[in-house]
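Student: Chains C and D are the protein sequences, given in the same order. The numbering of the first sequence is our numbering, which starts it at 1 and goes up by one. The numbering of the second sequence is our numbering, which starts it at 1 and goes up by one.
I should point out that these hints are in silico values taken from the structure, not numbers from a laboratory. There may be inaccurate statements among the hints.
Identical copies look the same in the list; a pair holds intra-copy or inter-copy alike.
List of simulated lysine to any residue pairs, SDA-like, C-alpha gap at most 20 angstroms [to be verified]: (1) Lys139 <-> Leu243; (2) Lys127 <-> Gln368; (3) Lys96 <-> Glu59; (4) Lys139 <-> Ser41; (5) Lys235 <-> Asn62; (6) Lys184 <-> Glu352; (7) Lys229 <-> Val79; (8) Lys24 <-> Lys96; (9) Lys11 <-> Ser125.
2 protein chains.
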Amino acid sequence: MLQSQLFTKTKKEAPKDEVSKNAKLLIRGGFISKEMAGIYSYLPLGFKVINKVINIIREEINAIGGQEIFMGSLQDSSVWQLSGRWDDSVNDVWFKSKLNSGGEVGFANTHEEPITKMLKSHIQSYKDLPVFVYQFQNKFRNELRAKSGIIRTREFIMKDLYSFSATEKELDEYYELVKNAYIKIFQRLGMGDKTYFTFASGGMFSQFSHEFQTICDAGEDVIYISDKKNIAINKEVYNDETLKMLGLKKEELRQEKSVEVGNIFKLKNKYSNPLGLTYTDSEGGVNDVIMGSYGIGPGRSMGTIVELFGTDNKINWPANVAPFDVHLIGLNLDDSEVAQSAKNEYERLIAEGKDVLFDDRVDARVGQKFADADLIGCPIKLVVSKKTVQSGKVEILES
Amino acid sequence: MLQSQLFTKTKKEAPKDEVSKNAKLLIRGGFISKEMAGIYSYLPLGFKVINKVINIIREEINAIGGQEIFMGSLQDSSVWQLSGRWDDSVNDVWFKSKLNSGGEVGFANTHEEPITKMLKSHIQSYKDLPVFVYQFQNKFRNELRAKSGIIRTREFIMKDLYSFSATEKELDEYYELVKNAYIKIFQRLGMGDKTYFTFASGGMFSQFSHEFQTICDAGEDVIYISDKKNIAINKEVYNDETLKMLGLKKEELRQEKSVEVGNIFKLKNKYSNPLGLTYTDSEGGVNDVIMGSYGIGPGRSMGTIVELFGTDNKINWPANVAPFDVHLIGLNLDDSEVAQSAKNEYERLIAEGKDVLFDDRVDARVGQKFADADLIGCPIKLVVSKKTVQSGKVEILES
């Protein structure tokens, strides 16, 4: 892409009301735009990055049998009343609104209830199980505070995967597959080394749920890491019982701040029972379907990546999620020989199959071009200039 | 894909409360699921179709310079108060909700206001123009009635494109490009022959806006078509003045019911002026940016396609938007020779680059398999059976 065509402009300063590093850098780089507190739009560069994140997740979830769907945001209260989660005193992040035709609707903050209801039309027999369904879909959460940039927002795309199995054993097997898929996903996103499989509070139906927590100063969570076992414990279940169960001692753990980038839950029959999602087994018995749910926020992952690798005036994207493979920076483009050389290099890289951002701007100053390249953060930055034309070698810019 | 793996089931009957042909067929085929009146989820087959529709639109909008973004749904009232469209008496399709942190938010029913505000950060000079920006993003509309299946819903993905130009002449030029892109899009979607460029009410800022109207009994609009000129007039502006202006006579026009599948508006400075989106021209003068907006609903297009080509128990997808290129139907699969032959054919088709749905179900009856294939509606249906193994020729099923 020609940078002269990109409609976004980088900024020297972030908005004054923005406190988080990820939002400051992403706004300055022209990746996102702040609509209001906790609401951001993805501009062309940010849209490219988040789609790379999404596609990595999609590939790994497809690889474990996930079937992709896209559900509605507007929610029928009756479905949520069955599980007891319609009431604001139980679920305090609802956005609700009046229907002009009468009644009230909610905006989905998660989708356990509607997907459980939907699958009643498609699951009857043990022969119909297991089923693994997921989506990338906007969630709305009426958060009291939203100060962490795109890490905690009032509206965000979520990958939510749901599993439907006949038995707890089958749930356990799929849970393990998802765990391994998540490990691969965070590795591919470039944040695997800082991300820990973490024991967290399980609620009523399991002793633990599990989170994927990434060590990060911007995080709102606290975890205790065992480097030896490569696992962590969320502060909320950090107690003698948990330690004993995991065979860990306090002395071998280190405390870190972290961001929850993924979570996996064994729901068992928590929703299938009240909503009546059952199946008939081979002997004619009727049983509750056994469920699991598995989330990753692509925007939160993207924000965490910026927190991890960004510095004051630089974003550093891991290659797999960078907006472009190569940022080709043309200097001295008013010289027709240099301009031709830069154009040739651009075409050569494209012919190689590279996705290239070519800074073809004739009137931007050198300092501006380098500052922009820092903010845009592509992993490979090449320079074509009068100097490189003379030397016959394109210059590689060190990050 | 193996049909035995597809979690959705076809249905013999549509839900009793469903009146529209598109929703009945799409629900029966397992393409969509009804969440509540006017809200549908896209299941794997429907998700594939709507993404094919989206990708055709995306390709054509990219080809005319559109840059893709993704904006927030939650809307800050202050932005809409500037244009006067926050008030429910002016804009009666708002969903609004209270913020837990105080104040009220709206859910976007369109995005003119926030995108105009956003571009104030990126457009300052005539050198920054023109800009063409678009997205595929959920819109929420608090419709009083929603009876047309996925043609009119309370929540839907919309392709909304906005153009920002320095002059009305530049707006006119881009408007013409979009018009031609839309003609290509509807041709590629298979509905071009029934779709007319239609003169419609322009509002305060232009004499006409233009719609793309597809002849369809399920439509809520009425248009008057000139076959000679290949244009139509919406009933709302069907009067002597319009006829005279277009050089048309009543006698040469035929009246039809139709669905509005796309629309294009010259907004001029309707939003840029109240929101203060200006640019400095080459002589230092400050001018309002001149805008256009251009919409297509992929779901509405998909629903219209079903209305056009579907019959009582059959969907007939045009090849470009079919969920699969080929539906390969295996019969007598309990015979190992037939099963092997079907598997070979499946692999041969995949090797040819075809996207294939293989009905590999051993226990489904022949009648069920054909009924399912009718509802799923792939353009090419092939049968492998005992008979075809004997004859050595795969059978092509006539639609």
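Student: None of the hints should be skipped; say for each whether it holds.
Tutor: Right, here's what the structure says about each hint:
no. : hint              : verdict
1   : Lys139 <-> Leu243 : neither (35 angstroms within a copy, 48 angstroms between copies)
2   : Lys127 <-> Gln368 : between (62 angstroms within a copy, 17 angstroms between copies)
3   : Lys96 <-> Glu59   : neither (34 angstroms within a copy, 36 angstroms between copies)
4   : Lys139 <-> Ser41  : both (14 angstroms within a copy, 15 angstroms between copies)
5   : Lys235 <-> Asn62  : neither (33 angstroms within a copy, 48 angstroms between copies)
6   : Lys184 <-> Glu352 : neither (27 angstroms within a copy, 31 angstroms between copies)
7   : Lys229 <-> Val79  : neither (42 angstroms within a copy, 52 angstroms between copies)
8   : Lys24 <-> Lys96   : neither (31 angstroms within a copy, 29 angstroms between copies)
9   : Lys11 <-> Ser125  : between (58 angstroms within a copy, 16 angstroms between copies)
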